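Note that my numbering has the sequence shown beginning at 138, numbered continuously upward.
For the record, the hints were derived by calculation from the structure and aren't laboratory data.
Don't take each hint at face value.
Distance windows between CB atoms, simulated [stated by the list, open to error]: (1) 272 <-> 185: 35 to 41 angstroms; (2) 218 <-> 187: 40 to 46 angstroms; (3) 180 <-> 219: 24 to 30 angstroms; (4) 228 <-> 249: 27 to 33 angstroms; (5) 219 <-> 176: 23 to 29 angstroms; (6) 248 <-> 219: 48 to 54 angstroms; (7) 213 <-> 235: 36 to 42 angstroms.
When the alpha-carbon atoms are kept at most 20 angstroms apart in a straight line, the in silico EDC-like pairs for lysine to aspartate or glutamate are as follows [claimed, not checked]: (8) 270 <-> 240; (9) 270 <-> 190; (10) 270 <-> 208; (11) 270 <-> 230; (12) 270 <-> 227; (13) 270 <-> 238.
Here the structure is a predicted model, which means the values were calculated and not measured.
No residue lacks a Cβ here, since even glycine has one placed at the ideal position from N, Cα and C.
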Amino acid sequence: MQTCQSILGNTPGHWFAALWLAAACPATAAPPTAAEHEACMAQSGGVTSAMLDCLVETNDRTDAELGSSLDALTRALAGAQVDALLQSQDDWERFRQSTCEFEARFTSEGSFASVAFADCWLAITRQRLVWSKSLAGE
């Protein structure tokens, strides 16, 4: 599971990724619900930095929950299954990174590209969390 710092290390020259990740630390609390996240975004008033604050918190907490879910799933697997899951996760992390970099460049210019990147990151991570929990029977 990638941490914020490992992501930053993988994104040289990608200022939009660095911007929203720079202030982030892995969190241990459960991710905000969709309603809580939407309320935070609404309160941002469309200000990029405030939107990024909402996205950073939600992304960190969702990433942490995904890591916990994958850890539980890994403990339930054996041998080749664990290897396949770990390879799948590595592949998925590369997919998430490249997809969100593309989406940020495709949809936005300037400072809003960082919001597009973080929003993409959240959407893809939430999908992976649902997938992981379904495999783990959560």
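message: Flag every earlier hint the structure violates by its number, smallest first.
response: 3, 5, 6, 7, 8, 9 and 13
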